[in-house]
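Enquirer: Residues per chain are reported as follows:
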Amino acid sequence: MVDWRLFEPLFEFARKRSLWIVAFCTGCGGIEMPPLMTSRYDLERFGMMPNPAPRMADLFLITGYVTPKTLKRIIITYEMQPDPKYVLAHGSCPLNGGIYWDAYNAIKHLDRYIPVDVVIAGCMPRPEAVMDGIKKLMEMIENGTADGWKRYRENYEWYKKNQDELFGEGWREREARRWIPWLMDKKKKEK
Amino acid sequence: MVSQSELIKEARENGMELLPLDKDTYELFFGPQHMATENFSIILKMDGHRVVKAIANPGFLHRGFEKLAELRPWYTNIALLLRICVPEPDVPEAIYSMAVDELMGWEVPERAHWIRTTVLEMARVSAYLFWIMGLSFKLGVYTAGQWAAAYRERLMALFEELTGARVYHIYTIPGGVRRDIPGDKWLRQLKDTVEYIKSKLPDFDHLVFENYITFKRMEGIGVMDKKFALAEGVTGPNLRATGVPYDVRRMDPYLLYPELDFEVPVLKEGDALARALIRRYELEQDLYILEQLLEMGPPSGPYKVQDPRLKNLPRFKVPAGDAFAHVESTKGDFGAYVVSDGGNKPYRVQIRGPSIAHGIRVLEQLLVGARIADVPVILMSLDNCPPDIDR
Amino acid sequence: MEMEEIDFKVAPESKIKKKPSYIKPWLGLKYLFKKPVTIKIPYEKTQIAEKYRGFHSLDWKKCIGCNFCGQICPARAIEMTWIEVDGKVEKRPHPKIDYGRCTFCQFCVDVCPTGALGFVSNYMLTTEWKDEELELFDWVPIHPDKIKEINEKFPDYRFPVAKIEFNKETKEVTYYLRDGDVFKFKILGYGLRPPAAAKPKPAKIEKKEESPS
Amino acid sequence: MANGQEEKGEVKEMTGAKWEREQALVQKILEKAPYAEGRVRRERRIEFKVPADRIRDFLMTLKENNFELMLQITVVDWLKEGEYELVYQMWSITHRTHAMVKTRIPRELDKARMPTVKDIYPVAETYERDAHDFYGVYFEGNEKMEMPWILDDAEQGLFPHRKDFDMLAYVKKKYKILDRFDENKDNYVI
Chain U
6 MVDWRLFEPL FEFARKRSLW IVAFCTGCGG IEMPPLMTSR YDLERFGMMP
56 NPAPRMADLF LITGYVTPKT LKRIIITYEM QPDPKYVLAH GSCPLNGGIY
106 WDAYNAIKHL DRYIPVDVVI AGCMPRPEAV MDGIKKLMEM IENGTADGWK
156 RYRENYEWYK KNQDELFGEG WREREARRWI PWLMDKKKKE K
Chain Y
35 MVSQSELIKE ARENGMELLP LDKDTYELFF GPQHMATENF SIILKMDGHR
85 VVKAIANPGF LHRGFEKLAE LRPWYTNIAL LLRICVPEPD VPEAIYSMAV
135 DELMGWEVPE RAHWIRTTVL EMARVSAYLF WIMGLSFKLG VYTAGQWAAA
185 YRERLMALFE ELTGARVYHI YTIPGGVRRD IPGDKWLRQL KDTVEYIKSK
235 LPDFDHLVFE NYITFKRMEG IGVMDKKFAL AEGVTGPNLR ATGVPYDVRR
285 MDPYLLYPEL DFEVPVLKEG DALARALIRR YELEQDLYIL EQLLEMGPPS
335 GPYKVQDPRL KNLPRFKVPA GDAFAHVEST KGDFGAYVVS DGGNKPYRVQ
385 IRGPSIAHGI RVLEQLLVGA RIADVPVILM SLDNCPPDID R
Chain R
129 MEMEEIDFKV APESKIKKKP SYIKPWLGLK YLFKKPVTIK IPYEKTQIAE
179 KYRGFHSLDW KKCIGCNFCG QICPARAIEM TWIEVDGKVE KRPHPKIDYG
229 RCTFCQFCVD VCPTGALGFV SNYMLTTEWK DEELELFDWV PIHPDKIKEI
279 NEKFPDYRFP VAKIEFNKET KEVTYYLRDG DVFKFKILGY GLRPPAAAKP
329 KPAKIEKKEE SPS
Chain X
27 MANGQEEKGE VKEMTGAKWE REQALVQKIL EKAPYAEGRV RRERRIEFKV
77 PADRIRDFLM TLKENNFELM LQITVVDWLK EGEYELVYQM WSITHRTHAM
127 VKTRIPRELD KARMPTVKDI YPVAETYERD AHDFYGVYFE GNEKMEMPWI
177 LDDAEQGLFP HRKDFDMLAY VKKKYKILDR FDENKDNYVI
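These protein sequence lines are chains U, Y, R and X, in that order.
Position in the first sequence counted from 1, then plus 5, gives you the numbering used here.
Position in the second sequence counted from 1, then plus 34, gives you the numbering used here.
Position in the third sequence counted from 1, then plus 128, gives you the numbering used here.
Position in the fourth sequence counted from 1, then plus 26, gives you the numbering used here.
Here chain U stands alone, though its shape is the one from the complex:
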């Protein structure tokens, strides 16, 4: 039996240098993602790239405000990601609501629903600021302080309680079945 903990520093080193990003533009910050990924700022220098499938991704960029409808998908996507996974929140909105502090359809404290590791200020943050956040995240991975995924696992009940309070219980099933009556040809008229 090999004690894998011995190899942990090596794993951290590798994780730090190949952060793949979930390609999910959750808010207005999505407009700064293409410049980041493409030639001008070129995140691929750090071994990062947007990845269409969450199953292979490590880093989740919450680009800006989050609406409840998106948050459902964010949670589902986040849970699809394999451990270890990291979350970087852009801009003011996930932190305290931002300009949508009184909007009925924007999440105010994202930390209640999924764990967030790094926050960057700005509306919207410049690509340089995002890169700074990623650098900070890399440092945290090296130190082992980027433990959002551990927190999510340990406090899953608490997170789940908050999510259920916001969406109502059984939201996953409801969401999955929501469109079935509208897709079926016959059942359409029932409701």
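Each hint should be verified, as a subset may be incorrect.
Sample of chain X residues at the chain U side, in silico, Cβ under 8 Å [unchecked claim]: (1) Tyr164; (2) Met171; (3) Asp179; (4) Ala180; (5) Gly183; (6) Pro186; (7) Leu194; (8) Val197; (9) Lys199.
If you anchor each label on the Cβ, the simulated ranges turn out as follows [stated by the list, open to error]: (10) U/Glu170 x Y/Lys232: 47 to 57 Å; (11) X/Leu135 x U/Glu170: 24 to 34 Å; (12) R/Leu155 x Y/Lys302: 23 to 33 Å; (13) X/Lys137 x Y/Pro216: 48 to 58 Å; (14) Y/Gly376 x R/Lys296: 22 to 32 Å; (15) R/Phe311 x Y/Leu62: 55 to 65 Å; (16) Y/Gly82 x U/Ile185: 11 to 21 Å; (17) Y/Lys234 x X/Lys137: 53 to 63 Å; (18) U/Ala181 x R/Asp273: 57 to 67 Å; (19) U/Arg179 x R/Thr302: 47 to 57 Å; (20) Y/Ile406 x X/Ala50: 35 to 45 Å.
For lysine to aspartate or glutamate, the following EDC-like pairs were computed, each having C-alpha atoms within a straight-line distance of at most 16 Å [as the list claims (entries may be wrong)]: (21) U/Lys141 x R/Glu256; (22) R/Lys146 x Y/Glu244; (23) R/Lys145 x Y/Glu253; (24) X/Lys189 x Y/Glu100; (25) X/Lys200 x U/Glu170; (26) R/Lys146 x Y/Glu253; (27) U/Lys21 x U/Glu180; (28) R/Lys147 x Y/Glu253; (29) R/Lys137 x Y/Asp295; (30) Y/Lys261 x X/Glu90; (31) X/Lys198 x X/Glu181; (32) U/Lys141 x R/Asp284; (33) X/Lys198 x U/Glu170; (34) X/Lys189 x Y/Glu104; (35) R/Lys291 x R/Glu263; (36) R/Lys145 x Y/Asp214; (37) U/Lys155 x U/Asp88; (38) R/Lys179 x R/Asp238; (39) R/Lys146 x Y/Asp237; (40) R/Lys312 x R/Asp214.
Calculated directly from the structure, the hints in this document are not laboratory data.
A virtual CB, placed ideally from N, CA and C, is assigned to each residue, including glycine.
With chain U held as given, fit chains Y, R and X onto it using these hints.
Expert: This is chains Y, R and X only, laid out in the frame that chain U set:
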């Protein structure tokens, strides 16, 4: 090990609706976690790799702007409403400002007109470059996308110099603009940038618009005809690709456009390729407009109206009435309807995004019969912008 | 529908249409040996505009506590704060800005009647999501000259304060500036009226202020 | 350049003649629809007021008169009058004119009903869903009225854009937030 048929049987007994829905079809959630949709979801009913039925599911970016705008003072709404159209945030700024100008009865100074026109055209160029980037990524021509993003950065730098921010400029305000032009150096830089991008257009042609792959993938896909497009309220390049020369800049002239010379491109095919080519030609025309504007030079004078009411901005009031203003954005006809009841906050602001017409019903109908690989191409050729559907 | 009167230029089809080509896509190869446009960020610095709308600065002596900034703020990020520095109460309240709300529109700077509130081009603020670190997002801005001084030492557009400590019981705030200076003050209360000895009720005071408008 | 100047000249002429073209257009439409009131707002902007039960007839008349595009259906909630104002915003490419068709219906949720205009302008289906989601106006004949639109489950049926929807209280209840600075504060500063 439980076999799949057993699982299905068990699930049916428990009253679960299982996929596949009908006999041969299955349900496919396309987006919001998808690179092509930008936080917009389409529910597809698929038969093999053909779409049988599509339902557009917007609302992932809904923040209730129209309600929020009723709770903030007139001026502050600029900082809010521009978030409706993320690729070109100057358009909502401009329409809201134009509507408020009409309500106030202000004659906006000529210099402000010039600056607003220039900013709008720069926004158009940058939005078209952004679109070229998206299109080429979806077609698999990654090189051209990298170029477009890099050239767009030059415009972003100019915007930053002029307005103080890269994306959310918060620059056009009722009665003019917020800052003056930083100086002749900026104008020279703009001229250089316009020339630079113009010199790079043939490269985009070579890689994207004259590429046989583009023709193979876009020709005959998502065909609209004139009657259908008009009935569905499609505007902008999508309507022009079906043979209707409708351009707000010509048909309802605003700002400096009556004095400018440009051509409105019209094609009759109405397919994805025609829409792409129309946009490509408009990019050229926008650069030409910018050249003309630079040749004209900014007129001297103040850059915003001089009005004593502007001294106390939080208490700034607008006379009762309503006004509608619209401009031509890269997506289509972008309109704002503003109602005032004489208070220091708007009574009602409605922004009409062009994507609400071509992003819901048109998309649903164009997707039927398309292959799954064509879905991103159709989405991109319509230039669907989800934030302005959701608002 | 017939379009009878087209009095503007319509581009002829021949100008718009393109012909598919098998050879032209290869012309992109000519850029293979050109210099890339990439800015190698950790090693290279980007030049940003002089008037980039970044964080705020506040000249505490000029600030008259009029709350114009708080009224115009679309995000309601600004809260007027009564402050005690070295045992002396500041005569007027000063704006406290929450960067968890601020949208960097700088309308507050535009309306400031005395020019006390300003902005600098610093834009970078990165923290972990921990309560003690998030205190950085909520500050009373410091003097522009001080920020300029710090910027000269560290030209990387970062937030001028390295750490903010907020003692919830004594309401004492300590700024650890990036150049090593420590700056302490005490928050007495919020709102426009000076905090009374017994119980400051800023909510009601503000309501009275607002209602006549 | 020549074209642009010509157009500018034309504009000046029209303003000189007190928007003759628009007057003629309004007259032409009003002849066919005597139940409506119409006026010219300014150059290229006209306005009609129509009783709610004749809206379908009127929009048909407009369609016959070359108003090809429907841009939006705006609902304005006049709380004091107790009425919804529905503004159908139409654009004519032929006449180059924007027409607002205004109609008023009662504000109560059970009375706020309108006939759909989906068969005249198919795009109206989307706008009607929008109006229903945010204001609770029910458009009879539109099958997609019950279909989920922008709003999430939690807000369905609350009609959050109505003027009497207390947003701050709702937000506090939903997201369980208090103001970060001051927990007593419940009024808007702005």
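Enquirer: May I ask you to test the hint 23 to 33 Å on the CB atoms belonging to R/Leu155 and Y/Lys302?
Expert: holds (30 Å)
Enquirer: Does the alpha-carbon distance linking U/Lys155 and U/Asp88 stay inside the 16 Å limit?
Expert: holds (9 Å)
Enquirer: Between R/Lys147 and Y/Glu253, is the straight-line Cα distance small enough, at 16 Å or below?
Expert: holds (12 Å)
Enquirer: Using the C-beta atoms of Y/Gly82 and U/Ile185, is the stated range 11 to 21 Å upheld?
Expert: With Cβ atoms ~20 Å apart, the hint holds.
Enquirer: Would you mind confirming whether the straight-line C-alpha gap from R/Lys146 to Y/Glu253 stays at or under 16 Å?
Expert: holds (12 Å)
Enquirer: Hint says 48 to 58 Å; check whether the CB-CB distance for X/Lys137 and Y/Pro216 agrees.
Expert: Holds, since X/Lys137 and Y/Pro216 (Cβ atoms, about 56 Å apart) stay within the stated range.
Enquirer: Taking the closest Cβ pair, is X/Pro186 under 8 Å from chain U?
Expert: holds (5 Å)
Enquirer: Are X/Tyr164 and chain U close enough, Cβ to Cβ, to be under 8 Å, as the hint says?
Expert: violated (16 Å)
Enquirer: I want to verify a distance hint. Is the separation of the beta carbons of X/Leu135 and U/Glu170 within 24 to 34 Å?
Expert: The hinted range 24 to 34 Å holds for X/Leu135 and U/Glu170, with Cβ atoms some 27 Å apart.
Enquirer: For the pair supplied as a hint, U/Lys21 and U/Glu180, is the alpha-carbon distance within the 16 Å limit?
Expert: Distance of about 35 Å is beyond 16 Å: violated.
Enquirer: Taken at face value, is the distance from the CA of R/Asp214 to the CA of R/Lys312 at most 16 Å?
Expert: Holds - the C-alpha atoms of R/Asp214 and R/Lys312 are around 8 Å apart, at most 16 Å.
Enquirer: Quick one, are U/Lys141 and R/Glu256 close enough, alpha carbons at most 16 Å?
Expert: holds (9 Å)
Hints 1, 2, 5, 9, 14, 20, 27 and 36, counting from the list given before, are not met by this structure.
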